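Let's have the full structure, built from the sequences with the hints guiding it.
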Amino acid sequence: MEQKRTTIALAHLATTSQFEAFEKAATLVDLATALQVLLSYTPLFTSSSDLAFVRTLTETPNNPQENHELLEVIDITSDLKLLVDSSEVVIDQRWQTLELHMQSESGKYHFQPNSTSLLLSWVQAMTRKLSSQGVIDQAAGLHALVEEDSRFQKWWDTVLVPFNYINAQGFTIDLLKFEFEDGQAESDRAILIISTLFKNSVDSVHPPFLKFLKSCDKELLYDIVRNPQLPPITTNRQLRLYNDLITNLFGASSMKEESVPLILDTYQKYPQPNVRALESIQATLSTISLSYESSDLHTLANSVNAALSFPLSFTNLSELTSLSADPAKQETFFSGIIDSLTSQSASAFLSQTSKLKPALFPNVTEESARKLVMSRLLSLRLYSSMEVSPDDEDMVVEHFWTCFKMATNGSKNRGELNAAYRALKMLSPPSQRVKDLLAFVDAVDELFKYSIYFKRGTPLKPIDLLSIDDLQIIAQKILELNNNAYESPEEIYQLLTQLSLGLQATVPPKVDITCLCIVSSLAELDFEFAYDTTNSLFESESNIVLKSKWDTFFQVAKFTSPDWIDTETPTEVIQQQMSLLGAIVGIAPTKHVQDVVSQWNMFDTELSLREEGDEEGNFSQSNTQSARSLDQRLARSLASTAAELLNEGNGLQVSNLLTSGLDWAIGASRK
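Each residue of the sequence shown is one higher than the one before, counting from 1 in the UniProt record's numbering.
In short, the hints are calculated from the structure, not lab data.
Some hints here could point you the wrong way.
Lysine to aspartate or glutamate pairs mimicking EDC-like chemistry, simulated, CA-CA at most 16 angstroms apart [said to hold, decoys possible]:
#	residue 1	residue 2
1	K425	D442
2	K24	E59
3	K477	D464
4	K256	D217
5	K218	E257
6	K547	D512
7	K256	E219
8	K405	D445
9	K425	D392
10	K477	E487
11	K108	D174
12	K510	E528
13	K269	D296
14	K449	E480
15	K558	E572
16	K449	E491
17	K4	D30
18	K211	E186
19	K154	D217
20	K477	D436
21	K371	D392
22	K218	E258
23	K510	E539
24	K214	D244
25	K549	D512
26	K371	E387
27	K24	D50
28	K549	E539
29	K269	D188
30	K435	E393
31	K461	E416
32	K211	D244
33	K4	E99
34	K425	D436
35	K405	E387
36	K177	D188
37	K461	D445
Between beta-carbon pairs, the in silico distance windows are [as the list claims (entries may be wrong)]:
#	residue 1	residue 2	range
38	Q103	T16	18 to 24 angstroms
39	M395	S354	20 to 26 angstroms
40	T97	T247	55 to 61 angstroms
Computed from a predicted model, the values in this text were never measured in an experiment.
Glycine included, C-beta positions come from ideal geometry on N, C-alpha and C.
Rendered as structure tokens:
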């Protein structure tokens, strides 16, 4: 009777969450009874920490016959006293009701009072009960009580992991139903969950669930791939999940040979696989090939490799096997493949060509294939991937001009001009045509280092150079838009010379470019450069060459700097200009000789005035001698000009020249 009273008391203590008193009173009954009471009467949201004493209870030796009475173990409260301090008839009635409920709960949640591991059985039963009440997360603390028990670990791996996994995918199921009905067998649980995963578009298997799968029957893979509940594999997510299962289970399967045809058939039927799908299939086939070999597997693997290397358009992989029997289709497909190559796929294509072309395109000739490939590689600018020969020069040069016309800037180190330059550099050793084009690119590169445009607000592009007929225009723009550019006439001339190699234009005479620089220097008020350069031309070039440029030199001889307006033209400059005039007389057209002499006469008068007004004798003997030397130089030039006119029968012009106030130039004294 005392055992019944104590059990009734335990039920009250559990119901009212008096677990400290429960732990003491539980020593008065057998352990199985105490655990049944907890299973049946513990409130729903009881914290796992409040039940942690159960482990201590199960580890403490328990002998109810030697324990004291309830009154000696716990304090009997008034409400508890009403329950236990009753007649034996009442106690017996209460006990029977309590026992029926405990047996019902134990049976419902599969608690085994006779188990050799009561704690494990109780934790499992409590977990099932919490699951049925929708609060299975509260069982986590209870699991910690038995986590070191290998039997619990197996239960965790084979029941709780798949159960939690399927619930995590958004499907609410009851643990009892899953464990003892739908998923009573491990393979049934696996198929149930896998089918659910496919329907829910999950793309990989969770590691703990994978561990469960590997612990299942060795025929599980075969059961999966042939299961009618498995939906058709038509999406990338489904395919990744399918491949994840195969990759992880194939090695452990005892039915490889039976499984492979079904797997290959699934891959063959997969609709319009993209790159990700093909890569996923390829990886799985590689795994299968480690422990299985067949011609069908090899054929499909080759088809997948081809589909990855050759961007083909096909409905499914089975269509690729028909290529080898149709030469016309091969040509069409191969040409389409080449046109579809990208910078990323080209490298893989080249590495696989030797293997895949014979298999898929045996009727496409090597020469035809090479030209198609080369043309595409050129368009992709994959020059490092190409091997060219002298026979390819025309194709490369054509590509060069394509790139050149597309260039938006003139730097050979970037953009389309860089591509054009790199293409030419492939041709080694270069022909003279290629050497000329390389020099042309160098010149374009140098040209664009200047500030240059032909239309204000419109940046110059390399293609604009192709419409220029006169290279002198380029020189003029360089000098117009770049300060001090005139200082390098040789550099500009060399630049135009190199540009002519690509533009097929005639290079202007060097003296023309030099004269442009002289004019530009005057615009920038650099008389010294203009004078020195003009003198150099008279020393290095013949009068015949210089005749056409006499007006340029005349500009130098007449030049007056704004800086001299407030003061006066330096005497040294006047003497230099008079010296130039003396030379210019010899090359000036007859009708302009008088202009030159008049300018000289003006300077001479200026010097005379300065000489007369210089009270301190600044005009030294050397200055006087210099002036006399200039007189003689001009006289010689005039005499030569007069002789030429007489020889030509132009006596009247000679008379005009001599009567223009310049008789002193042919022997008269200076006044």
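Consistency of the hints with the structure:
no. : hint                            : in the structure
1   : K425 - D442                     : holds, 12 angstroms
2   : K24 - E59                       : holds, 14 angstroms
3   : K477 - D464                     : holds, 14 angstroms
4   : K256 - D217                     : holds, 13 angstroms
5   : K218 - E257                     : holds, 13 angstroms
6   : K547 - D512                     : holds, 12 angstroms
7   : K256 - E219                     : holds, 9 angstroms
8   : K405 - D445                     : holds, 14 angstroms
9   : K425 - D392                     : holds, 13 angstroms
10  : K477 - E487                     : holds, 15 angstroms
11  : K108 - D174                     : holds, 13 angstroms
12  : K510 - E528                     : violated, 20 angstroms
13  : K269 - D296                     : holds, 14 angstroms
14  : K449 - E480                     : holds, 15 angstroms
15  : K558 - E572                     : holds, 14 angstroms
16  : K449 - E491                     : holds, 13 angstroms
17  : K4 - D30                        : holds, 12 angstroms
18  : K211 - E186                     : holds, 12 angstroms
19  : K154 - D217                     : holds, 15 angstroms
20  : K477 - D436                     : violated, 24 angstroms
21  : K371 - D392                     : holds, 9 angstroms
22  : K218 - E258                     : holds, 13 angstroms
23  : K510 - E539                     : holds, 15 angstroms
24  : K214 - D244                     : holds, 13 angstroms
25  : K549 - D512                     : holds, 8 angstroms
26  : K371 - E387                     : holds, 12 angstroms
27  : K24 - D50                       : holds, 14 angstroms
28  : K549 - E539                     : holds, 15 angstroms
29  : K269 - D188                     : violated, 27 angstroms
30  : K435 - E393                     : holds, 12 angstroms
31  : K461 - E416                     : holds, 11 angstroms
32  : K211 - D244                     : holds, 13 angstroms
33  : K4 - E99                        : holds, 10 angstroms
34  : K425 - D436                     : holds, 12 angstroms
35  : K405 - E387                     : violated, 24 angstroms
36  : K177 - D188                     : holds, 13 angstroms
37  : K461 - D445                     : holds, 11 angstroms
38  : Q103 - T16: 18 to 24 angstroms  : holds, 22 angstroms
39  : M395 - S354: 20 to 26 angstroms : holds, 22 angstroms
40  : T97 - T247: 55 to 61 angstroms  : holds, 57 angstroms
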